[in-house]
Every structure is written in C-alpha cells, then in structure tokens.
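Let's have the full structure, built from the sequences with the hints guiding it.
Listed here are the chains, written in short residue letters.
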Amino acid sequence: MLKRAKALFLGLLSLASLLFAGGVSAESATRQLNMPQGVTEVSQAAYDIHMIMIWICTVIGVLVFGFMFYIMYAHRKSRGVTAEHFHENLLVEVLWTVIPALILIVMAVPATTALLKVYDTENPDIDIKVTGYQWKWQYEYIGEGVKFMSELRTSQDEIYGREPKGEHYLREVTQPLVIPTNKKVRFLITGNDVIHSWWVPDFGVKRDAVPGLFTAAWAKTDQPGTYVGECTELCGSGHAFMPVVVEVKEEAEYDAWLAGKKEEAAGYASTIGKQWTFDELMVKGEEVYGRSCAGCHQTNGEGIPGVFPALKDSPIALGPPAGHIGILINGVAGTSMQSFAEQLSEVEIAAVVHYERNAWGNDVGDIVQPIDVLNFKQSQ
Amino acid sequence: MAHGPSQNFFSRWLFSTNHKDIGTLYLWFSFAMFLLGGAFAMVIRAELFQPGMQLIKPEFFVQMTTMHGLVMVFGAIMPAFVGLANWMIPMMIGAPDMALPRMNNLSFWILPFAFAILTSTLFMEGGGPNFGWTFYAPLSTTYAPDTVNYFIFGVHIMGASSIMGSINIIATVMNMRAPGMTYMKMPMFVWTWVITAFLLVAVMPVLAGAVTMMLMDINFGTSFFDAAGGGDPVLFQHVFWFFGHPEVYIIILPAFGVVSQIIPTFSRKPLFGYSSMVYATASIAFLSFIVWAHHMFTVGMPIAGELYFMYATMLIAVPTGVKVFNWITTMYKGALTFETPMLFSIAFVILFTFGGFTGMMLSIAAADTQYHDTYFVVAHFHYVMVAGAVFSGTAAVYYWLPKWCGRMYDETMGKVQFWIAFIAFNITFMPQHFLGLAGMPRRYSDYGLQFADWNMVSSIGAFLYGGAQLLFLYNVIRTIGWGKPISDPQVWEGAQGLEWTLPTPAPFHTFSTPPVIK
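If you read the sequences in order, they're chains A and B.
Numbered per the numbering used here, the first sequence spans residues 1 to 380.
Numbered per the numbering used here, the second sequence spans residues 1 to 518.
What the hints contain is simulated information worked out from the structure, not anything from laboratory work.
Remember, it's a predicted structure, so these values are computed and weren't measured experimentally.
Warning: the hint list may mix true and false statements.
[To be verified] Mimicking BS3-like on lysine-lysine, the simulated pairs with C-alpha atoms at most 27 Å apart in a straight line are:
{"no.": "1", "chain 1": "B", "residue 1": "Lys-484", "chain 2": "A", "residue 2": "Lys-312"}
{"no.": "2", "chain 1": "A", "residue 1": "Lys-312", "chain 2": "A", "residue 2": "Lys-377"}
{"no.": "3", "chain 1": "B", "residue 1": "Lys-57", "chain 2": "A", "residue 2": "Lys-77"}
{"no.": "4", "chain 1": "B", "residue 1": "Lys-333", "chain 2": "A", "residue 2": "Lys-77"}
{"no.": "5", "chain 1": "A", "residue 1": "Lys-77", "chain 2": "B", "residue 2": "Lys-484"}
Shown next, in the form of structure tokens:
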C-alpha cells in the first residue's frame, strides 16, 4: 500500500515537473500508429499480411460486437422481455466452428507466402556478421577485413536529464552499419554474451542474437536513407541503450566508404607505436570509459554493490598494470565482465586502463601505452 | 451444525482444513500480491511517464518488470482462482469439503514463504531477479545476480503448491460429487478447473525441471543452456514455453468458467451450448501443448517448424471462437440486467475477444517478426490477462461475495469501480498497441522521443486503473463489515446451481449429507 502511494506520488511529481519543463512531448511530432511499410520486400510482406489481418478482425469484430450490443439493447429485462429457455442448436454450433476454420485456411495462404520471403536468405551479394554484446553491436564485413563496434552515442547526461535531450535521443550510434542499395545483404546474427535481438523495422528484419548460434536474415532495398532499429530481447540493464542504425548508401558511395574503412584499418597500426602523454590518454580514456564501461561501473567508478564492482580504490586498478590490462583483454569468466580484446583497439584499451588508474582519486600515476597492450596480447 | 470454526484466531487460520477458510486465505493472499505486483507496475509506469531516467536506475527497472510479471502470474492470478475453486467447487458439486483438506492447508501456507523469499531478494545485495518473468538463459544463469538461487527456490515452492492444489481439485471432483452429479451436469466453472488442474499437473514439473537445470548450470558446472559447454540457450526457451504456453491457459480457463456461470445468471437463461463449451475447453487445453514455439518465432527455427507452429496456433481461434459465440448466444433473447458482476463479465467477453484478435495477428509468423517483443505483445497479453483473468476474478468476487458473507455489496460503488477500471484499462493498454507497432520494444527502461506521447497517456491510465483497485478493496471490506445483511439463499434472481440452495451466508460446513440432484 505504502509503495503504491509512493509510486503514485512520484508519478504526480513527474507530471508536475513536466508541466514546468514546458512539455517534452512537443518535440515528438511524429505520431506513428501503424506498422511501417518499410523499404524491403520482407517488410512490405509483413505489412500486407498485417493489414489483411486487421481488416479480417475488424469485420468479425463489427459483426460480433454489433450483435452483442444489439442484444444488450434489445433484450434488457427493463424493457419487459421474458427470457427464453433454448440452450442448444446443432446447426449454428457446427456453422460457427466450420466458418472460422475456413477463414483460417484462407488466411494461411498469404501467411505462408510471406513467411517464405522472410526465410529466403540464399545467394546474398554481401554477408555481414552482426554480433550482440552487452550493450552494443559489432558489424563485420565478411571477407573485407572491416569490423567495428556500434555503440549508443547519446550521453549519460541526456539520459539522466542533466542535459536537454537531443533530436535523435537513443537513436544515434558511434558508427552506423552501412549497406549499399540494390544488393542482397545477408545478416548472420549471433550473440557474444546473452541473447539479444537485432531489429530494423523498415527492413522487416528481426532475428535473435543467440550466443553459440547463427541466425540469418536479409534485406535488399533501392531506397537510400538512415533506418533506426532496436535490440528486442531483454539483455540486461542496458537493453534500452543499444540501438541499431543502418545507413543505406548508393553503391558508389558505399564502395568509397568501404575503401575508406579498409584504409583506416591499415593506418591504425602506426598509432600503436606512438608515445602518448598522460593527459592525452586521460582525455581519450574518459571518452572510452563513458562509452564502454560507465554503463556498469558507473560514471563515478563506484559500480553497483553486488552487481558491478567499484573501480575506485579497487585493488586491480591500483595494482600492477599487467593485471588490469589482463582483465580487459580476457574478461572475467562467469560474470558480465566480457573480454574487450575484440571490441576495443589497443589505443582504446591503453587509454581506458590509464584513465581508470588515475581517475576518481585513484592516483597510480604511471602511464599505460598502447604498445604495452600490444605486447601483453602477443605474450599470451 | 456439528461444530463451527475455532474461536482462536491463530488456530482457525493457521491450522484450517476447511475449504471455505482456505479459500478465503487464498483470496486475501492473492489480493495482497495483486497490490504488490500493482505497485511494481506503478513504478514501471511512473518511470516510463517521460523519456529519460527520472526515478530509478535501469538495473532496478528490469527488476520491476520481472517482479511485476512473476508476482502477478504466480502470486495474484493463479492463487485467486485456486481460492475461488476452494470456496466454490465443493458447494457446486454437493461435497462437504475438498478431498484432501490437510494438503489443502499445506498448499496454501507454503505460498507466503515462496513470495517472501522471492520478494526479499529486492533488498539483497545484487537485487532481485532482473531477467524478465520468462528468465531466458544465459541472462538468468551465467549473467544473473547471486539472488537467482532464491528465485529458483521460490519457483519450486510455488510449483509444489500449485501441483498440490491441482491434485486436490482433481481428487475432489472425481470422488466427491453428490450422487447424480454426472460429469456432464457439472457447472462450467468446475469443468474448466478440472481441465486447468490437469494442465497444471502436466506442466508445473516442466517448469521445475527448467529451474533445476538453471540451478545446476549456475552452481554445479553443468552446461544445459551454455553453448560453450555443448548446451543450447534455445533449449531453455523450448522447455520454458512448453510450460509457459499451457500456463497462460491455466490462467484464463478458470476465468472462462467464472464468466460461464455469471452470464447465464444475469441473462436468466441457461448457458448456450454447454457440451460444446466443455469440448472447446478441452480442445484449447490440448492445443496449448502443441503451440509453444510461437513465442519463439524470431529465434531462428527452421521454416518447417515455424510453419507448423503458425498453423497450430491459428487453430486455437476455432474453439476460442466457439466459446465467445456461446456466451453471446446465451445473452440472446434472455432478460438482461447489468449488475456489477455482469458488467465485468461482458467487458471480459469484449476485451478478451479483442485480445484474441491481436493473438491471431501474432500467430502469423511473418507479421510476428515485426510484433515480437514489442509493446504490441505487452498490449495483447494484458488484454487477455487483465481484462481476461483480473476482470473475471473481480466479477467472481462480486458475484459470490454476498453468498460468502451474507451481506450485499454497494452496487453503485461496484458500478463506479467497473467504469473506472474499464476506461482506465483501455487508456493504459490501447495506446501500447500503437507504441509496439511504431517500434517500441518491451522491457525498455527508456525510449526515444517519438514514443513520449502514448507512454504518458498509458501511464496516466495505469495510475487510474491502480486507483480503481483501492476502491474495490474498500468495497469488499465495507461489504464484509457493514454491508446490508441478506438471507435469501437465491442471492441473484436468475442464478442456477447447488451453491444457491445453501443458506446465505454459507455456513461453515455444507452438504454434510449429499443433496439430491434432479
């Protein structure tokens, strides 16, 4: 009872604060009510069968409820009617079993055709491996040597209301997935830790990302643009904070982008050998920490007791650098601390380790260089 | 009368073997759980009132969604119908009590412990269960907080309680019917409960198996659900939904039974198509075992499996349709009055049918690719669970409360409660269809700005709906304490059945000698 009263009170409080803030909802002009038609054959098929079902249900609903409301009006005792006593009629009972069954058989035909489209994943032009992590996506262009993480770009400050929310609140990522128009792209979807689900409504693609298993989906569209989706399988506390953003580019543009990505991968090697200064690493580290670590260990490094350990004053952060780097590279088995070896570059790992050792009152004072991380990896 | 209840409060309620007292315990317990689960829902809706994290952290939010589901399903709805079964089944079949009265006591009194254990995890280090009421592995195994072991223990106790309760109901109905009360003369409520009890006995051990495998994976190094050790996370989903799908019919079938009692009463006309109702219920129960993977259309099943589960699921519409048509035809050419139980029952038929429509849409696998795990699903199952099970439970209390306590509830207050609940329910859950179709996934602690408007509407509806339950509580307490005394055995003009031949209020012991059935 008390809890309920408290919740109600808090609800009213947030209502009041909303009125004072001038209303958040003014920004959300788009009031989409129906399923999007999307830009692929599959999303169109899903939309079509959805509309067929809506109309069938509407017709049945109008008939059934209409009859019911007529009865409620006409056969009220207050109108002086007396009840009849029939309670069986074989004919109508057979009819209302057989007719719905026939409707279902008719519905099964388009339902089957649509499903066959969803499963038509053979002969793709491009294969992209999609891996779900807590709480970000990794995209790998198979055979191209291009691989990157795609993480939420919205800041914790926006989420916690310390800054106004931007136009693309929770719908923006560090690096979107890029695909070309008019090519059949197959997504091979898997999970790294728990089950996620990769959903792009405008493609009609939703497939679970199950660790240890690959699921397949496909998309082919002629409409360039940015398409936003979500993770749709509960994957922990960051479930709402790992959007999917896909950019569809014209083929030439896509080729240029891919070539740029390949160059970037080649050029990266040179930054590993560079000697970074204490402050450079702190700046880079804070950025990486906010993106990849703060979701669990919190911005203040204090973690959440019993779930996510604190890094402030932690013996690992204050101990020798090798142990600290090791945890990031290998993760901690049986916990949600995953291996970041594949997710972060050597520069990023060095920067974030350095940051954790020298932030929030941790003051080890040493400098962890990217080359140390590379050496650690190679010595394993 | 041989002897009444113990005068000592503790020995009366703690040691009770009387079906009416145990029924009362079940009903109060379930209402307490309903308020608790409702409080969790209020926290969820308060946080979702606006985009951004305002009141709680995402970690706590997922604990709230999980606990809301668990407490409502296992703590509120299931025990409520067991309570009704305890009260009504002996009175409806002309039996003096339940067949196994001591087990009856046990099956109730372990429940508060189960929920104390489950709820206490919220105050422990690591927090309560945070993996959704469907607790998919490996989120609920490798990645779960240590308190998951308490959750598993709690689920085991709940399962034991349900199995004992079901065995008791089956034994009672099979052995204790008054002479002449053949199976095909039993009231629909009894029929639906027998079928439900068989479902429970069949699937509760499956749930126990699922949580035991989790326990082994977490603590003893097995890999049932861990692909790295040769197991399969998808296996968990198959096992869970083999329990989970019958479970939703376990919740709704007794609700069908209640409505099948109430609609004939206030239509003053016998239930239309009694035998087809029985067969339809049995068909639904059978189908519930062979459709489970429609909860897993996006998990990447082979297309043959997907097609099979789609066709089988669509079939459920047939027997369910039969039931709806039967209820409506029962009303046809009756003499209708609209007391509170009837209002809730009619709302049940309309809103449950609406939930059935969205259920048919969800059965179409290609479209489900878009609906799956969005608010469209949340809206769908609240239409069948809340407007289905909760509305019918409320109807049942208003319908039988005068018989139980010999006092009449306040009709005006009942109707006011109905209209608030009906309107607030639709304000809460109708917009969730739009949210889901527009792309908002379920179990999201925060959302993009495009979902802000409907979330706010939904939250306001939820607070109102919560308020209506307090009015319900007040009305029930007021009736028991200060309601207008009545003594006519026939509380409702058109009511049929053995329970209405008993004095009002129903004495502590009834049918010590079996009634004569025409």
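I'd like to know which numbered hints this structure contradicts. Please list them from smallest to largest.
Checked against the structure, the hints that fail are numbers 1, 3, while the rest are satisfied.
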